Every structure is written in structure tokens, then in C-alpha cells.
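Student: Using the sequences and the hints, build the whole thing.
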Amino acid sequence: MSSTISRIRIHPGIGISRVGNSDEYYYGPQAPGEVVDPGGSAGPGPGGGSYRDDQMRLKRQAQCYRIYAYDADDQLVGELNAESAGVAEIDWRVHVRNMKAANYAFQGAYLFNPDDLRNPTIQPGLPPIERDQLIIDPGAQNIGSKSTAPVFLTGDCFTGISEGELPGYLRYRGCTPADPSKPVKVQYSPATGIELGQLHLDDKQRLVFVPGPGNAQCVTTPEVELSNPSEACDPPNGPDPDDPLTNQFAYFNVPGWWDDTCGGEIDATVTLIDGTVLSTRDGVTPENPVGTRNASNGAWVVSAPPKYSPYMYHVVSILDRVFEAFPDADPNKGKPTEFYRDVYPILSRAINYGWVSAEAAGVDPATRNMAHGPKQAGNLLSKENLAKFTDNSTATQAARQQIYNLMRYAENGTLLATLPKDPPPATACLPPRKAGDGPVSRGNKMPKLWGTGGKPLQNQQLGNNLPNQYLSLTDWQLARMADWASNNFVTGSLQKPRPLDEYPLAEQPLAMDCAALEPTIGGGFHPGIEFPYLIAYPQKFAEAFRVAQDTEPGSVAAFMSSPWHGDYWSCNTAWWPVQRPDIVFQYDEATQTRTYKEWFRGYDETGKPLSSTDGYDQMVYAWPKLGMVLPKILANGDLLKDNNAVIFDEKERDPSLDSPPNNIAVPGTLPACPTDSE
Amino acid sequence: MTGTSVAASLAGAGQPVSQYPEQQTTRFSEVEYARLLRSVQAGFGSGFKIIRVIDSTSDIRLEIEHLQNRYIVVSSDRVHWDIATSSIC
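Going down the list, the sequences are from chains A and B.
Letter by letter, the first sequence follows residues 1409 to 2086 in the working numbering.
Letter by letter, the second sequence follows residues 523 to 611 in the working numbering.
Note that these hints are calculated values from the structure, not bench results.
The structure displayed is predicted, hence computed values, not measured ones.
The beta carbon of each residue, even a glycine, is placed where N, CA and C say it ideally should be.
Some hints here could point you the wrong way.
[Unchecked claim] Which residues of chain B face chain A? A few of them, derived with a C-beta cut under 10 Å, are:
#1 560
#2 562
#3 563
#4 564
#5 565
#6 566
#7 568
#8 570
#9 588
#10 589
#11 590
#12 598
#13 601
#14 602
#15 608
#16 610
[Claimed, not checked] Below, a list of computed lysine to any residue pairs in the SDA-like style, where the Cα atoms sit at most 25 Å apart:
#17 B:571 <-> A:1772
#18 A:2033 <-> B:600
#19 A:2049 <-> A:1798
#20 B:571 <-> A:2014
#21 A:1593 <-> A:1647
#22 B:571 <-> A:2001
Tutor: What follows is the structure in C-alpha cells.
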């Protein structure tokens, strides 16, 4: 065996896990299109499982990694696991970090200024990687044949800091700044034992990365509440437009806060019975078990917020971005365009938005009767539409051309073409402002979702005219649609997703690579929810599906909101409703009608209704209780449909959100927050 | 819950909406009305508004609105609400 193996690689190259406050977990998808049952019984999952445990806590979504061996011609030899003949020992090595509190402040589209750090008074002037008091770093940890017990990845942050001053324009729990223009004096307490994740092994010693419990906390006294101070003081951009702690982007950079999402590297070393040592890292020997990272062989992990609509995909995923950056990685490159493989997914994803977005559903007056709901004109999957869309004759071309003509192209051709030339933070990145009156006309195109350039109203308020304020399909997605509109396609057939083990061995690695990234957000990145816009740069990859060689664990995820909850709440319209729905429906089968409510609703822990206008801080409490959006599964396993479109209902919402808590304290006048003059 | 379309019957209810409809002042105190609105917003989302109180003798019945869509909703405990009729389909 050892003579045929040239190298080993881990798949998926980039894995995605999602936090949950339950101790229980389930695997994320391992094959394209797969929706994994979350386990348990009497639930709405595809196998009857439940996304919640018996205490109504949200289960975590884990990522399983496998090791595959390749020969000298890079042909797949097979999977290596504990049951493989000739394998004596497997050792997994994982190093993740959370660097959010140490990173550059998010300052809007494309803007990361190396002079503006989060928590700027702590270890000032240092690059993020050297601000160790603000980095949650469990260090590299191992699990494998020698030690199979689960490993908890824990670390500390805000260590060694006693006191400081924070802007009076922020909100504080339990006190109110008497004079917002004066700083508030705060005491820091170290946060210790923060769990970023767990390492487990399956019965074949494959790695299972289990993300953290979704905790987030402020370490200061008084605590800082998540808010957007610019809304209350000198809107739209706050008392000091250049201060990322108080301007319109303040809730991405909240001082004193940590969350337990993370990112980092996954490696493995396999020792064969004949003593051969195979590693994803370079230079590993029995004497030097650490070696150095080889980005082409090792993998990456991201832990991200939950995805509340596991059956729905965003119209542009990170998988689409990978194929945009590395066209040769697309297994279908060069093949004729096939409707059900290349175009149908785009149309069906658009239809699904009609169950989570008011605008796409047609319940918004601006889109009524023109949107994607089952009885709306834009139900692209109706039998009448499908008949035209699957026919490649000139007789039906006008219908297809009409859809294609609605598609928006990225300005300058691709998203990448409008991003700053060099990825930050090498230099201060100025936004690529452009001349003109703004992108209003582009708003009439599809998809009707915001882009990486930020939403138009925000840009108008800030006086920016940035490119790509609306999302566009990738160039290769549009090329497929152009073929389709030009009668240059074959119809193909709708394929049901298959589990990984039904794939031929040679196809399994790519299936895992694709499956992990398919349910992600590939734009607009503002700043992103699984990955920031850095994922659009080819130079941030070693190759397709592999994060670049010199990428520090935690350094990519660090560019997203700190903590994630404020961003997750604020992205409540036209950003990525298949991860966090804007509205949710209940469908009445008898009448074939539906009603909707806002997804973010209920009571917070103080008895206040969850707010659709100021829910930044409430999301920290509410996120594990909010509902899932799931299809109704028929007895034969098919999904219930209306006019050919899948029906989605809200399910598994924690009922504790629906009643106000007992013994609500009557809010009185809050005392003044401490200032330096006291 | 039903989703019976009552678009036609609700069409005439399209009076200008105020945050605190005048007719409610005669039936509810400001505190009671605020509590009712809070319950509706917790039950449906904070973008929902009360258009009118249809009946409050036993079960309370309201007409509420969101994005120009209207529901008639009913509650026996003024905490949990069911949609009786809807203007959307």
C-alpha cells in the first residue's frame, strides 16, 4: 500500500460547522444537496429527527472530515481510516482560533483600515495576530488512535486587562451615560474557558469537528449592549463618522465582547503498519510529529451561526465563488449546459426565497403579484413555466430570454473586479467609489438581494457610490443561463441527492468539498456570515477548496461581526434570508393558503417584544429559540408542493419565546454610568 | 388557524392607520392598549400594527396589519393569538 500512496489529503477542504446551545450534534451535509437528519424522533427532519434536544435547545451542526490517499499521478487510491488494511495509527491535529476581538474594525464595504482596530485601547498599535490578550487560542490539539476521548478546544480572552474607557454613545446594561460625549469607565474581567469546539472521532476514526455552544458575552462592568449608536445620535453615521465604535458600523465592532465562532486548520498523520508515515503536513516524522502546514493537503474549518432553513440554498454560495475563482475545478466545465443541472437550481433557489423573504414572497406591496410565492407570477416552477423552460426550441425562447434578461451582471464583469486590488490589511483599502447617480436602475434586476457594496440606502446616507450594491450571479452561472436563453442546452433530468457512500469512490472527495460549501453565503459580503469577502480573492486560496498557505487560524473569520449576533439581526432584509429568515409562513393544506409572521418575534428575557427595528442585543438571547423553516415531508418521502413549488412552514420554534417571562422587573430610572471624573 | 382569504371583506377596512387609533381610547386605557400592542407584536412581529378592536367581550378579536396585509386575530388570554382570517393568499 505505502508504495502506491504519494500523499494524503483531507476532505472537505473547507468544512462548515454551525453553533448550537445543545450538547447534541448532527453531521452537516457530506454530499451535494443532502439534508442530513438531525437525529432523534418525532421531529420534522428528513428522517423524522429534531433540530432541538429534549430541552428545546438547538443542536450543533458538526463537520466530518475524511482522509483520502492519492498516488503519484494524483489519482485517488482510497479512503484511509481505522478500518483500512495497513493503517496502524491515525492522528488528527486541529488548530482553531477566534481573533475577532483583536482584528481590524469593520467599516463598511471593502473597508478595513489597519489603523482602526477593535478594542483599540487594548494592546494598541499591534497587528491582530500579536494582540494575544484578545485572541481565543486553544492551541493545536490532537485526537486519534492513541487518544480517542473527545477533546474540548478552550481558550481565554480579555486577560490581563483591568479597566478602560469606552464611548458614552454606546448603551450600557444597568446604567445610562449622563453625558454621551464623555467616556464611560469600565472594569474588565477575563473570559476563561471559552469553548470554541470539540474534537470527536467516529467509529472509523474520522474526525468530527463539533462547534461551540454559541455563547457570547461582554466582559466589561458595566456591560456594553449591542446597538447601533448612530441611529440615536447624529444619524446616519454617528457623532464621529470615522470612529468604528460609534458610527453606522459600530455593532460589528462592539468593545468588550467575544463570541465562540472560530476558524482554523485541520491536519492528519497516518502511520502504516510497515512504519510509513503519511501526513497532510510537510516534514512530519516520528521524531518531528508537528511539521509544517501544507495548504494543499490539509483542510480548514469554519464554525458559523446556525442556518435556519437547511433545505434552502443561497443563489450564490461560496461553492459558486470557488468555481468562479477556479473554473477548472468545476467538474461540469466544458460540458453542454443542462437545464436541470445548471439552471433549475438557480430558479428553485429563487422560488424558495418566497418562503423567507417578504419581497420575494409577494407580501410586500412593492412586489405583490410579481414575486415568487406559489400563486405569484414569478413562480418559475409552475408547470406552465417549466414546460417552456425545459424546451430548447425557438418557440419557447422568448420565455427563457425574458428570465435571462432580468439577471444582473456584476459591474466590471465580476465581483472580484470591483474589490480593492490587494486583499487587506496590507494597506488601507479605500472603497472603490465610482461616478454616477447610483445604482437605482440596477435594483430592477435579479436577484433582488443586497451585494457586497452594501445596500443602496446605506450608501446614499454615507455619500458612497460603490459598485455592486446588489448581488449578481457569478459569471459562470450567467454563462449557463445565457446558453439556456439561446436554446443552447439539453434538458437532463432532476436528480435526487444521494448520500456520500453511494458515490463512486473517485467522486467522494469532490462531493464532500462541494457539499460543505453549497449551503453557504457567497455574497453579499457585508461583512459575511461564514466567510468575509476575502473568499472572493483567488490568492486567498492555495487551490480550489484550500485556504492559502500562510493563513493564520482565526484570521479569516476575524473579519466578520464581533459578536455575530448584531449583524445576524440587522441582516433582516434582502441579505441572506435562507440562513436567517425575514418572515415565516404557516401553510393551510385544506385551503392552499398561507399566512406569515416575522421570524424574529416573541418576548426577550425582560418581557419586551423582539424588535424588528432594534434587535441587535435581543438576538444574543433569542437566537437558539427561533424557528426552523422546513418542508412538509409526505409519507412517500416527497416534499409537499403547491403549484410545483415546495411548501415551507416554520417549525421547532421554542415556545418559551411566546410568553412573557414571569416576575418581570419594572424598569426604573437607570443610574448614570461611571465616568473618569468620579 | 385558517388562511381563509377575506380580501374583499377587509378591503373596506383600509382606513388610515395610526399608532394609537382614536377609538381605542374609549375602550382601553393607554396602559392596556400598550399591553395589547406588545402582545400582538410579540406574537406576530414588531412590524405589525393594530388597526381596530373588533370585539373584546370574551375572546378578544383584532384586526392587525403588516405591509398592507391584514389579519383578523383572536386570543382568549391576550398572550397567544390565532389568525382567524387573512387578506393574503
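Student: Now, for every hint given, state plainly whether the structure supports it.
Tutor: To see whether the hints hold, each was checked on the structure:
A cut of 10 Å between beta carbons decides the hint on residue 560 (chain B): the least distance to chain A is about 5 Å, and the hint holds. A distance limit of 10 Å between C-beta atoms decides the matter here; for residue 562 (chain B) the minimum to chain A is near 9 Å, and the interface restraint holds. Because the smallest distance between the Cβ of residue 563 (chain B) and any Cβ of chain A comes to about 4 Å, under 10 Å, the interface hint for this residue holds. With a cut of 10 Å, the hint placing residue 564 (chain B) at the interface with chain A holds, because the nearest CB-to-CB distance is about 4 Å.
Hint on residue 565 (chain B) holds. Least Cβ distance to chain A is approximately 7 Å, under the 10 Å limit. Below 10 Å, beta-carbon pairs count as interface contacts, and residue 566 (chain B) has one with chain A at about 5 Å; its hint therefore holds. The closest approach between the C-beta of residue 568 (chain B) and any C-beta of chain A is roughly 4 Å, which is under the 10 Å cut-off, so the hint is satisfied. The closest approach between the C-beta of residue 570 (chain B) and any C-beta of chain A is roughly 8 Å, which is under the 10 Å cut-off, so the hint is satisfied.
A hinted interface residue such as residue 588 (chain B) counts as satisfied when its beta carbon comes closer than 10 Å to some beta carbon of chain A; here the least separation is about 8 Å, so the hint holds. Evaluation of the residue 589 (chain B) hint against chain A yields a held restraint, the C-beta minimum of about 5 Å falling below 10 Å. With a least beta-carbon distance of about 5 Å to chain A, the hint placing residue 590 (chain B) at the interface is held under the 10 Å criterion. Evaluation of the residue 598 (chain B) hint against chain A yields a violated restraint, the C-beta minimum of about 14 Å exceeding 10 Å.
At a threshold of 10 Å, the smallest CB-CB gap from residue 601 (chain B) to chain A is about 6 Å, leaving the interface hint in force. For residue 602 (chain B), the shortest C-beta to C-beta distance to chain A is roughly 6 Å, which falls under 10 Å, so the interface hint holds. Of the supplied interface hints, the one on residue 608 (chain B) holds, with its beta-carbon coming within about 5 Å of a beta-carbon of chain A, less than 10 Å. Checking residue 610 (chain B) against chain A by beta carbon gives a least distance of about 6 Å; that is within 10 Å, so the hint holds.
With a CA separation close to 15 Å, the supplied pair residue 571 (chain B) and residue 1772 (chain A) stays within the 25 Å bound. As the CA atoms of residue 2033 (chain A) and residue 600 (chain B) are separated by approximately 22 Å, the hinted pair is consistent with the 25 Å bound. Restraint check for residue 2049 (chain A) and residue 1798 (chain A): satisfied, since their Cα atoms lie roughly 19 Å apart, inside the 25 Å limit. Restraint check for residue 571 (chain B) and residue 2014 (chain A): the C-alpha separation of about 21 Å stays at or below 25 Å, so the hint holds.
In summary, the hint linking residue 1593 (chain A) to residue 1647 (chain A) is supported, as the alpha carbons are separated by about 19 Å, within the 25 Å threshold. Between the alpha carbons of residue 571 (chain B) and residue 2001 (chain A) the distance comes to roughly 22 Å, so the proposed pair stays at or under 25 Å and holds.
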